[in-house]
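In the order they appear, the protein sequences are chains H and P. UniProt numbering applies: residue 1 is where the first sequence begins, and numbers increase by one. UniProt numbering applies: residue 1 is where the second sequence begins, and numbers increase by one.
Heads up, some of the hints might be wrong.
Distance condition first, Cα-Cα at most 25 angstroms in a straight line; then the derived DSS-like pairs of lysine-lysine [as the list claims (entries may be wrong)]:
1. H:K60 x H:K18
2. P:K18 x H:K60
3. P:K224 x P:K202
4. P:K202 x H:K18
5. P:K75 x H:K75
Quick caveat, the hints were computed from the structure, so don't treat them as lab data. Remember, predicted model here, so these are calculated numbers, not experimental data.
2 protein chains.
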Amino acid sequence: MYSLNNLLRQLAYEFQDKNLLTQALTHRSHSGNNNERLEFLGDGVLNFLVAHQLFQRFPKLPEGDLSRLRAQLVKEQTLSEIAISLNIGECLRLGEGELKSGGWRRPSVLADAMEAIIGAVFLDGGYPAAEALVQRLFLPRLENIDPKSIGKDAKSLLQEFLQGRKIDLPEYHVLATEGEAHCQTFRVSCHIAKLQMTAEGKGSSRRAAEQQAAQAVYEQLLDKGKK
Amino acid sequence: MYSLNNLLRQLAYEFQDKNLLTQALTHRSHSGNNNERLEFLGDGVLNFLVAHQLFQRFPKLPEGDLSRLRAQLVKEQTLSEIAISLNIGECLRLGEGELKSGGWRRPSVLADAMEAIIGAVFLDGGYPAAEALVQRLFLPRLENIDPKSIGKDAKSLLQEFLQGRKIDLPEYHVLATEGEAHCQTFRVSCHIAKLQMTAEGKGSSRRAAEQQAAQAVYEQLLDKGKK
Numbered sequence: 001m002y003s004l005n006n007l008l009r010q011l012a013y014e015f016q017d018k019n020l021l022t023q024a025l026t027h028r029s030h031s032g033n034n035n036e037r038l039e040f041l042g043d044g045v046l047n048f049l050v051a052h053q054l055f056q057r058f059p060k061l062p063e064g065d066l067s068r069l070r071a072q073l074v075k076e077q078t079l080s081e082i083a084i085s086l087n088i089g090e091c092l093r094l095g096e097g098e099l100k101s102g103g104w105r106r107p108s109v110l111a112d113a114m115e116a117i118i119g120a121v122f123l124d125g126g127y128p129a130a131e132a133l134v135q136r137l138f139l140p141r142l143e144n145i146d147p148k149s150i151g152k153d154a155k156s157l158l159q160e161f162l163q164g165r166k167i168d169l170p171e172y173h174v175l176a177t178e179g180e181a182h183c184q185t186f187r188v189s190c191h192i193a194k195l196q197m198t199a200e201g202k203g204s205s206r207r208a209a210e211q212q213a214a215q216a217v218y219e220q221l222l223d224k225g226k227k
Numbered sequence: 001m002y003s004l005n006n007l008l009r010q011l012a013y014e015f016q017d018k019n020l021l022t023q024a025l026t027h028r029s030h031s032g033n034n035n036e037r038l039e040f041l042g043d044g045v046l047n048f049l050v051a052h053q054l055f056q057r058f059p060k061l062p063e064g065d066l067s068r069l070r071a072q073l074v075k076e077q078t079l080s081e082i083a084i085s086l087n088i089g090e091c092l093r094l095g096e097g098e099l100k101s102g103g104w105r106r107p108s109v110l111a112d113a114m115e116a117i118i119g120a121v122f123l124d125g126g127y128p129a130a131e132a133l134v135q136r137l138f139l140p141r142l143e144n145i146d147p148k149s150i151g152k153d154a155k156s157l158l159q160e161f162l163q164g165r166k167i168d169l170p171e172y173h174v175l176a177t178e179g180e181a182h183c184q185t186f187r188v189s190c191h192i193a194k195l196q197m198t199a200e201g202k203g204s205s206r207r208a209a210e211q212q213a214a215q216a217v218y219e220q221l222l223d224k225g226k227k
C-alpha cells in the first residue's frame with residue numbers, strides 16, 4: 001500500500017477510477033483482467049506524444065532523425081528505466097510463477113506496465129492528462145537528447161567524426177565473399193589512410209559488414225581520444 | 001484551385017493556417033519545405049487514434065488482435081485508397097520528374113500525403129480536430145472491420161474454419177529439410193483427414209512452411225465453398 005501511494009505521488013496524477021491503475025499494474029500471469037490492452041493503448045499514445053515533443057523541439061530535423069530519436073526514447077530499456085525510477089516493480093501484481101522467477105524486475109514486464117499506466121491515465125483523464133504525464137516522465141531525457149549522435153549508425157558516426165577533423169572519408173573494401181548465393185558472408189575492411197587505421201567487419205550483407213568494420217574503427221578512435 | 005477547394009470541403013476542416021495544408025501536399029521532389037516531417041507527426045497521431053477507436057469498439061479483443069486490426073487500417077494500401085477517394089493526387093505538388101513518372105498516383109506518395117494532412121490538421125486544430133478527421137475518414141472501414149478474420153494468419157483461419165464445422169484439426173508434417181544449418185528450406189504438408197485434402201508449403205522456417213501449406217488448403221476450401 002505504501003508503494004502504491006508512493007507511485008501515485010510520483011505520477012502526480014489523481015485517478016478518478018483507481019481500478020484502471022490496478023489493471024495497469026496487473027501482469028497477464030496474475031489474472032484475465034490484466035494490462036495487455038492498456039499497454040496497447042499506452043504504446044500508441046506514448047509513441048505519438050514523444051513524436052510531437054520531438055517535432056516541436058527540433059524544428060529543422062528531418063523525418064528519419066526524428067524517427068530514430070523516438071525509437072531511442074520509447075524502447076524497452078528506456079521505459080524500464082523510468083519504471084524503475086518510479087519503483088513500479090514493487091506495485092506489480094504477478095502470478096506466482098512470475099513472482100518467484102523475479103518478473104517484477106524483468107525489463108519487458110516493467111516497460112509493459114509503464115506503457116499500460118500511460119494508457120490508463122489517457123483513459124481516465126483524456127489526452128491532456130496523458131500529455132502532461134509523458135512530458136513529466138520524459139523531460140530529463142528529452143532535454144538531454146543529442147540529435148547529432150543518438151541512434152545513428154556506425155558509418156554515419158565515423159564519417160561525421162572524420163569530417164569534423166578534415167580527414168578524408170574511410171575506404172571500404174570487400175575482402176572476401178563466402179558461402180552460397182542465398183546465404184553469403186561478407187568480409188569487409190574499413191581503412192582510414194591518414195590515420196593508418198584499418199579494421200575488419202563480417203556480415204550477411206556488404207552493408208552489415210561495412211557497419212561492423214566502421215564500428216570497430218570508430219571505437220579505436222574514441223579509445224585513442226580518451227588516452 | 002478547384003481541386004484544392006474540393007479537398008477542403010471533403011476534409012470538412014477549416015485551416016487557420018492554409019500553408020500547413022500546402023506543405024502536407026508537397027512531395028520531397030518538389031521543394032525543401034515538403035511533407036516529410038508532417039508525415040512523421042501524422043503517422044503517430046493516426047496510429048494512436050485508430051488504436052483508441054479499436055480499443056473502444058472491441059472491449060473484449062486481446063491486444064494481439066487489436067494490433068493486427070490497426071495494421072490493416074493504417075497500412076499504405078488503405079491510406080492510399082482514402083487519399084484517392086479525396087482526389088488528393090490532383091492537389092499534390094511534385095517535382096518535374098515525379099510528375100512525369102506518375103507520382104501522383106503512386107500509393108506510397110498518396111499514403112504519405114494522407115498522413116501529412118492528418119499531421120497538418122493536428123498542428124492546426126489540435127487533438128480534437130485530428131480525432132474528428134480520423135473518425136470521419138475511417139468510419140466506414142471501422143464499421144465494416146471484422147475482428148474475426150482480418151489480419152489473421154492462415155493457420156488460425158484454417159483452424160477456425162474447421163472448428164466451426166466440427167472437423168478435426170489439420171496435421172502438419174515436415175516432408176524434407178534442405179540446405180545447410182543456417183539457411184535451410186523446409187517442405188511441410190498440411191493434411192485434413194476427413195476431407196482428404198493435402199497441400200504443401202515451403203519456407204525458410206518450419207513455421208513459414210506450415211503457414212504456406214495452411215494457406216493453400218484454406219484457399220482450396222474457400223474455392224470449394226464457392227462452387
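Hints, one by one, checked against the model:
no.: 1; hint: H:K60 x H:K18; in the structure: 41 angstroms, violated
no.: 2; hint: P:K18 x H:K60; in the structure: 20 angstroms, holds
no.: 3; hint: P:K224 x P:K202; in the structure: 23 angstroms, holds
no.: 4; hint: P:K202 x H:K18; in the structure: 51 angstroms, violated
no.: 5; hint: P:K75 x H:K75; in the structure: 22 angstroms, holds
The structure fails to meet hints 1, 4 from the earlier list, while all remaining hints are met.
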